[in-house]
Amino acid sequence: MPDGAPGASPATSAGAAEVEAAVHFVLDGAPATARPGELLISAAERVGTFIPRFCYHPRMKPVGMCRMCLVEVSGPRGATLQPACYVPVAEGMEVVTDSAKVKKAQDGVLEFLLVNHPLDCPVCDKGGECPLQDQTLAYGPGESRFVEEKRHFAKPIPISELVLLDRERCIQCARCTRFAEEVAGEAQIDFAGRGDQVEVAVFPSQPFSSYFSGNTVQICPVGALTATPYRFAARPWDLDQVESTCTTCSVGCRVAVQSSANRLTRILGIDSDPVNHGWLCDKGRFVFESVNGTEGAEPGDPGGQGRLLEPMVRRDGVLQPVSWAEALAAAAAGIGAARDAGGPEAVGVLGGARSTNEGAYAWARVAKGVIGTDSVDAQLGDGLPADLVLSLPRATIDDACAADVVVVLAGDLREELPVLYLRLREAVREGGVQLVELAPRATPLTPDATVSIPVRPGEAPVVVRALAGEPGAVGELALHPEGLTASEERLAAARDLLGAGGARVVVVVGRPSLAEHPGIPAEAARLLAERWPEARFLPALRRGNVMGALDMGLAPGLLPGRVTSSAGADWFAERWGSVPAAPGLDATGILASLAGEGEAAHQVKALVLLGSDPLVDFPDRQLAERAFGVADFVVAVAGHLTESVRRADVVLPAAVAHERPGTTTNIEGRVTRLGQKLVAPGHAWPDWTIAVELAAALGVDLGLTSLAQVRSEIARWAPAYRAITQDLVESTHFGEGRVVPLSDTGGSVARVRPTDPIANPGVQSAEQQGAPPRVGLADMAFGVPEHSGDAGGSGAPGDAAAPLPLGGRPVAVAEVHVVPPNSYSLRLASTRRLYDSGSAVASSPSLAPLVGGVVAAANPYDLDRLGVRTGDPVRIRATRATIIVTAKADAGVPRGVVVVEFNLPDGPDGPGGPNVAATLIDAGASVTDVRLESV
Amino acid sequence: MSHLGTDVLDRARQLIALYPEPRSALIPVCHLAQEQDGWLRPEAMEEIAELLGVTPAEVRGTATFYDMLHTEPVGTYLVAVCTNIACLLAGAGELLEHAESSLGVAVGETTPDGSITLEEAECLADCDRPPCVQVNHRYVGAQSAESFDSLVADLRAGRLGDTIPSHGTLVRVRRNGGLRADRAAVAAERAAVAEQQAARAAAQQAQQGGPS
Amino acid sequence: MAVTEAPRIVTSRIEHADSHTLARYLATGGYEALRKALRMTPEAVAAEVDAASLLGRGGAGFPAGRKWAMLRKDPVTYLVVNGDESEPATFKDHLLVERDPHQLIEGVLIAAYALQVTQAFIYLRGEFALGLERVTQALNEAYDHGAAGSDIFGSGFSVDVVVHPGAGAYICGEETALLESLEGKRGFPRIKPPYFPAAIGLYGQPTVVNNVETMSNLPWIVTHGGAAFAALGQGRSTGTRLFALSGHVHNPGTFELEMVKTTFRDLIYDEQLGGGIRGGNELKAFIPGGVSAPWFGPEQVDLPLGQDEVGAAGSMLGSGSIVVMDSSTCAVRAAWRITRFFARESCGQCTPCREGSGWLERVLHRIEHGQGREADLDLLLDVSDNIAPGLGWPPQQTTICVLGSSIPSSIHSGIQMFRDEFLLHVKEGGCPHA
Ligand SMILES: Cc1cc2nc3c(=O)[nH]c(=O)nc-3n(C[C@H](O)[C@H](O)[C@H](O)COP(=O)(O)O)c2cc1C
Ligand code: SF4
Ligand code: FES
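Residue numbers (our numbering), protein chains in the order written: chain A, 10 to 944; chain B, 43 to 254; chain C, 2 to 435.
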């Protein structure tokens, strides 16, 4: 949004604005200051004068429609009533918010709003946290003089699978329609009709299917929009709430988690200025249902997706409930046996991205310090080399949104990191960020991109070299049978945007396709960092706490605190007793070794699964199958009964999100608090406890008996986390968290944005509803400990100096040789979908029906050549498998590429199971080429 | 396979080309679709959305703001009786009551034979001939109860086909071709004019002794 | 003297049956004004319009010359002609678009030249089916005649004109709603400031919006000079103006009269004009400028037809439409019908207008149908006061546009002038006129 323009967002990040010249005005007789361009409503609020409002939402452009915020503003023609939400403060402006005239206008508006409102508060979900109810009490008339017949509409009608609309309650504030159009870019709902017949409406045959629909429910200031997953689930005054962070993906949206009688009832977005602005995606909002799902967890029930309640051990081929002691002993025995047979590296550890940072740290210590294996990987073949990710100079989300140029070298961000997509979309459309998109297919960001260069699997490094102007690179791209995907002019335009050194350039780097070796995008990222040394990077790795897990060392070659194994060997050996001697394998290597393939064949014999489900979630299903087929021993630490858990020998039930406190780290490296709202069901434990107890069963006492102890051990021993102390994390000012590593000079925790009960009703507790928000909490300063501080630690100080964390200069990437494309096959790309066959969605009854079936999307040109049309079945022949799926012509897919989305089912009886794409992908190959045939 | 006929699509594209932004053609293109179908069928709205680069919800939402755009079927002839102040003073209320009883339908309804939909209109800007009636947006002059009945009889008998085309045909006269002014030349011309203007303004200001 | 010697400026041709054709237009000096304008500098043309002191004829009465001058600081991008004519009892533009479309187009072309715009839009209400045909036909002829499009009459000046149909919504006459509608959206008026069309208009560009009648005056002004126009009328109200007379008169119709020199009495009673009250009845009240205007009673009948004169008396000349109500008229019914119009036509954005209009309408309906209470009168006034605080004139507003603040006009007038009649409805449990 252009500065100073009407509607300039009052929510632009503070700080910079503070130093700009202030605008002086008079508010109710007292002098006050505003930021240039600031709207009266927010300037007044900052100095403690709350002006009532309905249509105004601090994260959207004002429309001045509801007229609730009228105040008297002096002007050339005397004082007139003006909407405070729409008028930017001007120098010398005189504003009166408490005159009789203002009060009468506000009174009048409230009375008008109630004219057609059904006043069915006792049966309304919003009752008790309703801005209309609350502001009527605070500012409204005592009673309505309206005795006529009210407007009638059919009571709630579904406008999507997740959202119901009660038009009688609607007060036409247009928050929902504006959100859909302006924020989400999906105007699937719009006003219809005129005058007092204006209603929110969908097109009859097209539901409100946006991934962001739940936000409209959250910001609705009345009970007009309700969500099916929590309709009538609880009355607001029954709810109690903790603040937490959503770990459905790794954006790190702040949330309010609410429960009633030890069941989660609702998740609401909290307005975190650096991260989510109050928004959530529907997956993050509604996936809480899976936490409640204690049904169907019978191990014998093949369809069950429910929670695991008790430890289990396989006896006579069947998983049977046992005590924790028995299960831990069995786990230790199996691990011990493997280690005895093949050394520490005989144990592979997969997963950890669902853990808290504390859990990840404890498991890293158990795996690397106790068992002694470095074959540990929190990524499941769907990420990037961990050391590269940690070594790239990191950007924050705000950095990206304030950059001149953002390069997206990733999949479809709306599918993978939905709220990052919203932030970037706004930055591009309103903030003047220029977008260079390097993606395997068109995405919802493509229309807004300044330059969009389709990148076929395998091509990314060459495209980057072409952008760098390297002679010959364009020629290399042109060798493809279909030629360049983008003209040389477009490449040149992107080159111009990137400039010489990459100053003010942020690269969002992820995995454009899971059917491509991770080394390919990694090399492209490394090249970008090398050629544009001032560019900074935002990793688009999507698993919940994958960044925390990598930071805690759950990856081969790494130790906690972003330290490489070589740099940190002495430091951690001193503290942990020992660290692995040799570098270990990544997830693909672990599975291949188990399956008896590759250089390290048969080295790994036993598998520890940390909340992971490789059988469904690993890109190469056949490799995972082969590995599981021969594994000597599998221990699964898990919250849900998944395919992989069903094949385990020992099952250790873990507490999941909202059932244990801790911290998490998002894509920026921002550490925030996770709140505990529920008591874990059955005998499930937090994962750090399981790690500590397993160590004990293996004969090692880690000396960790509380979460606080784990956290302070991290603060003392993990270099990048050295200031994330127990005190800081537990302080009330830690709401928006801190980005690690902290600068040496320490810093201050920014003022916490006051929760705005009118912008996000329901976020505060019921008692606070209706009260003007708190304003102006004092800043809290803190310092970074001088030394990485062994002071007072239990793990005895040694002589080794604290190792330096990675970051700033990219490490090398193992070379991947890409076979040249040929003209008779298509190159497979596999991108992610938000709603997929993963256990979280599958065990959330509201979301499970939204999982779409798989299709083969290809350029119309490629389909035409085969005589195949959208909707026809098409055969995909890979070296691995041959499947038949439905074809879809998609001009957004470049020629020579076929997209089969990852982790989607192909219908109840399809040959591919829940994840068709994974049957085609060969994790060992650089790319997967397939033949398409008409059926 | 599109729902809108080729002729309608051609005309729609010509209309869109008249505007700096496609969405501007929403109302005219909806009129065209009504010319084909009598009302805005969902299929038509979906295609209009596609043509204009907006969502079907936006087309429907916008169309429902306007009285002349119908998202429900209507009769062949829309008979609109104005009852606003000038016509009211001339007995429009009574005429409307007569229309309801003689057609046997209430305002907003369509006769069972599908020929006539009765509407109560706001002022139609023909107040010197009250009570004012329009059929398919063509003025038919002041009406009495008797003349109304014979008007309806004529409509049903198809005797007014020449003067009152079946509805939707808002404009029988089509625009000849599209925009004529060459955009590039015009842009250059404008830039030159703006420059001249600026120069003149600067000169004027200098004369007046600089900016105040 | 009722009908002055003033020339007919915009209705000089309409007696001819073929007044809408190019042939008739050319035969009566058509497009000569445009040729003359093209020989002048744009500034000189604008100066003539400024000198004419031509007040906008759409309702607000803002001088066209001043509006254009404001804009020429910022080059204007679009010219938009407001032909939505939906203010009840207003039917003058109806006459101009159907009977003299070339005059309108010539006016548009002159304005386009003066403003140096290259694209103009003529927005006509959708119900003007014949008017749309006539203007489109005339435009085709103008293009063929070389008067519109590229390089007009060899002058090097080019402008395209597009005729745009509305689709039935009164609010689209409000200039910013009209622009929204022209952008293909629902007609929600924009908030001013900052959305004065002059600053942020069509597609966010500086835009001039003028009424059809305003435009139709331009050929005459260019031909005869601004001074000749300013010599007619009196004070700020110069030239002639179309007055649309309707209601209980013998001879309703559109009359072009010199401003200020004529009074309401002349208009209503003169034999050449209204011809007196129908059936020899008494004048009860009249609305001087469209239903948004407060009513006048017989006491005000000698006021001159001038913008400032009517304004000073507490109402407005507005769109120049006068509705005459005789003694048989039920004031409650009239106020109810006008309020119902606003309730049906409120765009629905602003809470006070959206909800207040319907509420007021329902209360008036109750009173008219014998369900009223005495307290309803105060209720009507207080609810009105919540839409237009103070109930003064010109009104203050709690709404975005003045449709909202116009709602109380007829209610406030009705109760002020005919309180007893309202009370009689309450006491007798029904309408005494029924
Ligand atoms: C509710 C409302 C309805 C209006 N309707 C019309 C109309 O139908 N025609 C018109 O020319 N102006 C109408 N106006 C006035 C316009 O907003 C605007 O002032 C006018 O078109 C400017 O042209 P002018 O300066 O030539 O009069 C209306 C204003 C309002 C508030
Ligand atoms: S005052 Fe009425 S018509 Fe005008 S913008 Fe508000 S709601 Fe719409
Ligand atoms: S008009 Fe300002 S909050 Fe609605």
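Bear in mind the hints are in silico, worked out from the structure with no lab data behind them. Hints are supplied without guarantee of correctness; some may be wrong.
Computed list of lysine-lysine pairs in BS3-like fashion (alpha-carbon distance at most 27 Å, straight line) [as the list claims (entries may be wrong)]:
| id | chain 1 | residue 1 | chain 2 | residue 2 |
| --- | --- | --- | --- | --- |
| 1 | A | Lys164 | A | Lys113 |
| 2 | A | Lys112 | C | Lys193 |
| 3 | A | Lys110 | C | Lys193 |
| 4 | C | Lys193 | A | Lys113 |
| 5 | C | Lys428 | A | Lys70 |
| 6 | A | Lys112 | A | Lys164 |
| 7 | A | Lys70 | C | Lys37 |
| 8 | A | Lys70 | A | Lys112 |
Not the full set, but computed from the structure, chain A residues with beta-carbon under 8 Å of chain B [unchecked claim]:
| id | residue |
| --- | --- |
| 9 | Ala163 |
| 10 | Ile166 |
| 11 | Gly194 |
| 12 | Asp199 |
| 13 | Val211 |
| 14 | Ser214 |
| 15 | Pro216 |
Every residue gets a Cβ at the ideal spot worked out from N, C-alpha and C, and that includes glycine.
So, going through the hints one by one against the coordinates:
With a C-alpha separation of about 32 Å, the suggested pairing of A:Lys164 with A:Lys113 is violated against the 27 Å cut-off. Taking the CA atoms of A:Lys112 and C:Lys193, the gap is about 23 Å. The hint holds against a cut of 27 Å. With a C-alpha separation of about 21 Å, the suggested pair A:Lys110 and C:Lys193 falls inside the 27 Å cut-off, and the hint holds. At most 27 Å may separate the alpha-carbon atoms for a hinted pair to count; C:Lys193 and A:Lys113 meet this at roughly 23 Å.
Between the alpha carbons of C:Lys428 and A:Lys70 the distance comes to roughly 51 Å, so the proposed pair goes past 27 Å and is violated. Note on A:Lys112 and A:Lys164: the hinted pairing is violated, with a Cα-Cα distance of about 33 Å set against a maximum of 27 Å. Restraint check for A:Lys70 and C:Lys37: the C-alpha separation of about 48 Å exceeds 27 Å, so the hint is violated. This hinted pair checks out: A:Lys70 and A:Lys112 have alpha carbons roughly 25 Å apart, not beyond 27 Å.
Because the beta carbon of A:Ala163 sits about 16 Å from the nearest beta carbon in chain B, more than 8 Å, this interface hint is broken. Evaluation of the A:Ile166 hint against chain B yields a violated restraint, the C-beta minimum of about 14 Å exceeding 8 Å. Because the closest C-beta pair between A:Gly194 and chain B is about 10 Å apart, greater than 8 Å, the hint is violated. The criterion of a C-beta within 8 Å of any C-beta in chain B is met by A:Asp199, whose closest approach is roughly 3 Å, and the hint holds.
The closest approach between the C-beta of A:Val211 and any C-beta of chain B is roughly 6 Å, which is under the 8 Å cut-off, so the hint is satisfied. Taking 8 Å as the C-beta contact cut-off toward chain B, the hint placing A:Ser214 at the interface holds, the least distance being around 6 Å. Among the interface hints, the one on A:Pro216 is violated; its C-beta lies about 10 Å from the nearest C-beta in chain B, farther than the 8 Å criterion.
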